[in-house]
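Now for the letters of each chain:
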Amino acid sequence: MVAVHQFLPTFAPRDAIGTHARHARAILRDMGVESEIYADGAPDGGWRRGARPYRTFGWRRSPRDRTWLLYQLSTGSAVAEYLQARPEPKIVNYHNVTTAALFTPWEPHVGVELQEGRRQLAELAPACELGVAVSAYNEAELRAVGVVRTAVAPVLVDLDAGAPDAEVVDRLGAAKARGGSDWLFVGRLAPHKCQHDVVRAFAAYRRLYDPAARLRLVGGVGSHAYATTLERFVHGLGLAGAVELAGSVSQGALRAHYRAADVFVCLSEHEGFCVPVIEAMGAGVPVVAFGAAAVPETVRDAGVVLRAKDPATVAAAVARVLGDGAARASLAAAGRRRAGDFSLARSSARFRAVMQGLLDGA
Amino acid sequence: MSVSEQVPAADSGEPVDHAALLVEIDQEVARRRASGELPADFERDLDLVFARFAPVHAIGDDFGHVLERAESSTFIDVLAPTDSSLPMVPQVKRVVRKAITWDLRHMAQQVTAFASASVRALRLLAERVDALEEASARPASAAASAGGSPDRAPDRDHWAPLVAAAVVGAPGRVLHAEADDGWLLAHLGSAGVDAYGVDPVARTPPAGIELREDAALHHLGALPDGELGAVVLSGCVDRMGLGHQRRLAATARTKVAPGGIVVVIGRDPRSAGRADPVAQDLGGGRPLHAETWAHLLGGGEGTHVLAGPRPPGLRPVPGTPPDLAANLHRLDELLFPPASYAVVARYPA
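Taken in sequence, the protein lines are chains L and S. Mapping of the first sequence onto the working numbering: residues 1 to 362, in sequence order. Mapping of the second sequence onto the working numbering: residues 1 to 349, in sequence order.
Bear in mind the hints are in silico, worked out from the structure with no lab data behind them. Mixed in with the good hints, there may be bad ones.
Here chain L is said to cover these stretches of chain S; the calculated rule only asks that three of the stretch's residues, wherever they fall, bring their Cβ under 8 Å from a Cβ of chain L [what the hints assert, rightly or not]:
1. 22–34
2. 42–53
3. 165–175
For the chain S half of the interface with chain L, some residues (derived, Cβ under 7 Å), not all of them [as the list claims (entries may be wrong)]:
4. Val16
5. Ser84
6. Leu86
7. Gln91
8. Ala215
Partial list, derived from the structure: chain L residues whose beta carbon lies under 10 Å from chain S [claimed, not checked]:
9. Asp197
10. Val221
11. Ala240
We put the CB at the ideal spot given by N, CA and C, even for glycine.
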């Protein structure tokens, strides 16, 4: 029996990597490969969705199995040390590790974890039979640490999953009826996502272009210190009535937010792929983004990629996009095409081909 | 139903010309700034509001700011929040809190006293450092009275067009620090460069020039990394102490985006013999050689030095024998070097 078992530091079925792992498991099983998910933690019902504690992996293994261990790497974890000690061949599915310097001033312990993640990647590299990167940007990092055999297979995400939550659609629609444009950003509240830069730009936009504009920041708390500061920052600027910190929302509510948005503004300093950009483009929402890390690769020419993110520049870019119907329509159309490149069917086919190549060559 | 199916079909129109779009955005920003619709200090004020709430580790290394935050953190609140979404938990928390408050308060008073004393000690230390800096810095009045106004960038007319040419096409806004009366900003504006300046002295700039009252190092320190396309440094570079000069170079490097440019217009220390002796004696810092700035800016092969105009010096009279003319030339180079230079560091994109 051939097996490819996945290992994650944390398996949260609804987050981007958790979703990716679930789809990867389905693809592998469809290929006739035995596949389970092992994790150190499994919040939000992860254990109920079939994850197992990673230390139980060795209990029932037969040494005759042809088994690969596929590690979904995005941070430092004891799971990596465990895998390092295992004799089975390894595959790293690399989602990138946030630069520790961006996190350390806010959450020093997370900064240490992230540094650990990069160290563990470098240690796993020589034993890694294949490095699967979700972007060419990530692939370059894999090669830089010495992973010899690499491939790019995008994040597995179902852009068509679920219907918009009718209640949220109504609530956001009522706000829109009062006038003003709707900005949106989706991502955990974390320093490298730079939601404070979005707020700064939004403040400039309201001052210069649209005093009735609204901003919605959707996403759970990735850093308590950052989230608290952001909330106080919004209040300090007198924008509490215009900026909504929506928190983590259901898939249906997320779809409703994309439907209501006029523009998606991403000013992250670090993204290994950035699924929300693809989701926004798939929903026909024009994207204005700062060109950091993998964002330019993900967006390509389907959105406005800025070289600077000072508030005036971002505000002017949004005003330009929203004020020009032709440009807006053109970007929306280009965005939908670009999102099509990352449809679940296409990404699944790519992932399947990469894994098949590995199994055939073994 | 797919996401794309839910979105009303729109006329996709012509593909967007991204290069032209970015140029239009830059022009729009420059126009808004020049018209005064975006006040010079608006963005700085946004940063200050954010810094007020950010943890002390995340707000940079401005000493006064950090000390202020430390002072406001010395009080320890012993009343922990009792909120909870679970039934009865807030009541239980309140009971527990009430039971242990006397103990926590006793400890908190001691910790607060220790923290207050520590911050007070730091304040006293800061005052002593301020006094030392005051004693070593050149008084403004001495600078103003010194011949050639050494606070000002040297050979301004010579450098303005050259620097403007060097920063055209920079990947973002251009900052001039110290901007003085905006002499360089006017040239940059004429060359179509989106630029603003900072100067520690409050001035009323000419129309269309954005000039903020701020010190170079302080202003740069408050900016996010990679925020600027280019930084032009002059004036302050010749009077800072070595520690500040090193910090200025390092900070300027981090604040320009990939492909950015840092320019230093400095006084050549070899021409110091011609400067006003009072200004020299009272000066807190000293000008650095161009090679030193090139080293500090660390641009590698992308760094080059431009020599300023040469002053009138020794010239051979007609009929001077070649040997004597060559010696005169060597003497001229030794005794009358250019008063200024510009170091231009271009970083990889």
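Consistency of the hints with the structure:
1. 22–34: Per the Cβ count (8), the hint holds.
2. 42–53: Three-residue rule met by the stretch 42–53 of chain S, so holds; n is 8.
3. 165–175: Coverage by chain L holds for the stretch 165–175 of chain S (3 residues, Cβ < 8 Å).
4. Val16: Hint on S:Val16: holds, closest Cβ of chain L at ~5 Å, below 7 Å.
5. Ser84: violated (16 Å)
6. Leu86: violated (17 Å)
7. Gln91: At about 25 Å, which exceeds the 7 Å cut-off, the nearest Cβ of chain L leaves the hint on S:Gln91 violated.
8. Ala215: violated (20 Å)
9. Asp197: holds (8 Å)
10. Val221: This hint is violated: L:Val221 lies away from chain S, its Cβ roughly 15 Å from the closest one there, beyond 10 Å.
11. Ala240: violated (13 Å)
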